[in-house]
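S.K.: As you go down the protein sequences, you meet chains D and Z in turn. Under the numbering used here, residues 45 to 536 are what the first sequence spells out, in order. Under the numbering used here, residues 45 to 536 are what the second sequence spells out, in order.
Where hints are given, some of them may not hold.
[Stated by the list, open to error] Some but not every residue of chain Z turned toward chain D, in silico, with C-beta under 8 Å:
no., residue
1, ASN68
2, PRO70
3, LYS72
4, THR134
5, GLU266
6, LEU440
7, PHE459
8, THR464
9, PHE478
Everything labelled a hint here was simulated from the structure, so no lab data went into it. For glycine and all other residues, C-beta sits at the position ideal for the given N, C-alpha and C.
There are 2 protein chains.
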Amino acid sequence: MTELTDQISQAMEQAARAFESYKNVPGKLRAAFLRQIGDEINLLGDELIHTVMNETNLPEGRVRGEKNRTTGQLNKFADLLEDGSWVEATIDTGDPVRSPIPKPDLRKLLIPVGPVVVFGAGNFPLAFSATGGDTASALAGGNPVVVKGHPAHPKTSQLVAKAIKKALQKFALPEGVFELIQDSGHKSGQLLVQHPQTKAVGFTGSQQGGMALVKLASQRPEPIPVFAEMGSVNPVVILPEALKDNHTAIAEKLVASVNLGAGQFCTNPGLIITTKRKGFESFIEEIGKQVKAAPGARMFSDQVFQNYQLNSEKVFSFSEVSSVEARTETPATGEVGPAVGLVKAADFIAQPNLHEEVFGPFSLVVACDTDEQLAEVVQALKGQLTITIQATPDELANRKELISALLGKCGRLLFNGVPTGVEVCAAMQHGGPFPASSDSRFTSVGVSAIKRFVRPVSYQDFPQDLLPEELKDENPLNIWRLVNNEWTKEQI
Amino acid sequence: MTELTDQISQAMEQAARAFESYKNVPGKLRAAFLRQIGDEINLLGDELIHTVMNETNLPEGRVRGEKNRTTGQLNKFADLLEDGSWVEATIDTGDPVRSPIPKPDLRKLLIPVGPVVVFGAGNFPLAFSATGGDTASALAGGNPVVVKGHPAHPKTSQLVAKAIKKALQKFALPEGVFELIQDSGHKSGQLLVQHPQTKAVGFTGSQQGGMALVKLASQRPEPIPVFAEMGSVNPVVILPEALKDNHTAIAEKLVASVNLGAGQFCTNPGLIITTKRKGFESFIEEIGKQVKAAPGARMFSDQVFQNYQLNSEKVFSFSEVSSVEARTETPATGEVGPAVGLVKAADFIAQPNLHEEVFGPFSLVVACDTDEQLAEVVQALKGQLTITIQATPDELANRKELISALLGKCGRLLFNGVPTGVEVCAAMQHGGPFPASSDSRFTSVGVSAIKRFVRPVSYQDFPQDLLPEELKDENPLNIWRLVNNEWTKEQI
């Protein structure tokens, strides 16, 4: 075995051993552990902030914001565990005299699946990396985590990993509950996904990367789920009345969203679909103005910058695509500004390459001649994380068919907003039909993300004192339970 | 294209078209449709009962029971839809003045995924076939269904399909909501799983069959989930005190469970694990007696009968396995009776072939020398649908580590019962860690089975009157909703 193979095998075996005790750690203790991780991250202070800034070119405000989001996420999962109702305790009491056969007593709850492998994301060095949403949700569910750190920010990952290990020590939890593997290549990721002790995988990144992991996992003797959030082009559909009345404001909002964080968001609005009605020319003009005025920024790695140049140039190389406006990059500083292209609906439908995500501050306006053509463009869309409708309430009310079609293509449908900015809450869905994510039934943002890493088990006719607290008659944790098909906090 | 390819392509395209309207049919109407299917099945009367009996060799009582289970399942899903709370409506209200950025209004619920392909199971010609649990849960969720009928009971499938089509007509629902494909080979199944319009697959059957479908699905350009329930050996662990005090009753109960329905259940107790303590010899003796006295029965197809003979003979061909007792088959009638083998724990652990399911009235007693050895046997077990513990409450109380280990291996843990008999209710989990099923996070029995065929979507800042009823402020359907992290039926 090579050194890397050894290291990974050791991490996964250690995680599997740690699982034997960590899975039985009560929710309230896991909550305290998650909060402690947040505290340890805060204690890293400016060292962490500056390390992230140095490694990713992100500005201080964004890094501090993302740090708060990261500790905020940990606290939200802690809240969830303290409340306790997330285990979906479901009880159907027995009936020993039921005819023709007695009815058993059945009690179900969610339990952890086992060691989870998490791939750190390049664009979120804190919120989707060593202790990001994937790690927080897997740990909250009772699973040890082995993180493959993103090569763009190794020092950041190292700092955060140390914080987690400190928190583990403070609660005398087994070391194997968390491990960080750093490797600039793909080998360690492959080995982690293939390891027999790995029970699930969380990934945020490109479609190519995500699908490679999905394929690897499906080839294992024991297939495991890979939750890959692979981004999307997040179409924004602008209806005629909104275009007529609000084109200036919409253009302004959209370009700001396209350019936010150098466009390095999976919810970047990469596609703007509208009809060539009144206001269209002014809308395009305004986009051009906004693009020209937008500030530039450096991307989080040279690799990402090169890919952005390559992919945006590829789009503009199609003769059907004209440039509304593109901020010239300054190779010396490596700064990028927004770029927006324009294409006719028929050409867009005919050219599959134009449906692909360009990761960075890029967007493509698709100009439709008629409402029917707009419907055809929608029909041609692939699965998306988000779709946004810019409309007046009145005109939207007449487009129920369009709403239904858009809903079928995405995980989150927005009205008159921008898709960037993903609220961490129970009602968030961050995951959409393929290829936006590998399993649209789950979210990678918000507390429901925990559902990816747990599975239900039923106890049948089990003695009261040996049932987990969540399922005991007296409901000692005072949680919401579905008892004989009614939600209640009452005891039985 | 061949005729079969044409037929399947037509069925799937028709399903996709039907989905466009069926997905928007209100829950209460879908409920009435499901009840109507049950009524139409009841109207088939004795013709259906006799057709099933002729095609499957199942006795009348069992067929009538299974018919009731089938209509009962449809009614339970109808209840679920009428109640409406199953969509997991989750609302986080907005806060436009939150600092530093406003909080959006987010509202999430479950929506259908699209056309589902269901494979009829041979051992449940009604309850897991054309309109069994998979079909009922997919239709309940709002998805069209295309069933690949099991070749062992084509006439039964045809009758039931007609009942469903009648129900569709009565409610003026599109024909494409249900289609039955019959084919004695594997080709149609492959084509159905590969068709681009197929969004999910439900399967109950062998590990070989299930894994073939999982592999096929993973090779599609758009991977789709395959929910394969692939059976298990359903270990029964007998602890010393229970063995000492209750061995006669336990032996009686177990052999009856092994022999129930000629052992043609995925929950057949195919493995009995105990220690050679007081009562062991008498337990084995009693098993022998019960086996000898047990009635014989014909299996549901010649193919299954031949496989059973082959697989049980294979187990007995291992020199380490002795026969406790095996009812001789009568080749003339093709009847089988129960057969039970005996093997030492060390030999069981060393021989992977002995861990495989023998589909039929077969079980293997694993004799352990010590509690430690029993723990090793448990450690060596693969994922199971069920595990049963036979014990006195007192001795169980001292075996928390064993309980934790068993829980980690199964989807349902029973105390002092037998695994056959799968209650259809909210708290049922029928699905376990691989290879018992392809995705342990879901169940194929009970109303939660609907969760396999739906996905969450969030509406962000959407106008009230365009939200689905489930998410409107006034909660017109009076369903349970998670509003700002509290379960409530109140309006907002």
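S.K.: If a hint holds in the structure, say so; if it doesn't, say that too.
M.R.: Here is how each hint holds up against the structure:
Contact between ASN68 (chain Z) and chain D, as hinted, is supported at the beta carbon level, the nearest pair being about 6 Å apart and thus within 8 Å. Hint on PRO70 (chain Z) is violated. Least Cβ distance to chain D is approximately 14 Å, over the 8 Å limit. A least Cβ separation of about 17 Å between LYS72 (chain Z) and chain D goes past the 8 Å threshold, and the interface hint is therefore violated. The interface hint given for THR134 (chain Z) is met, as the beta carbon of that residue sits about 4 Å from the closest beta carbon of chain D, less than 8 Å.
Among the interface hints, the one on GLU266 (chain Z) holds; its C-beta lies about 5 Å from the nearest C-beta in chain D, closer than the 8 Å criterion. For LEU440 (chain Z), the shortest C-beta to C-beta distance to chain D is roughly 6 Å, which falls under 8 Å, so the interface hint holds. Annotation: interface hint on PHE459 (chain Z) holds; nearest CB of chain D at approximately 5 Å, less than 8 Å. A hinted interface residue such as THR464 (chain Z) counts as satisfied when its beta carbon comes closer than 8 Å to some beta carbon of chain D; here the least separation is about 11 Å, so the hint is violated.
The closest approach between the C-beta of PHE478 (chain Z) and any C-beta of chain D is roughly 5 Å, which is under the 8 Å cut-off, so the hint is satisfied.
Taken one by one, the earlier hints fail for this structure at numbers 2, 3 and 8, listed in ascending order.
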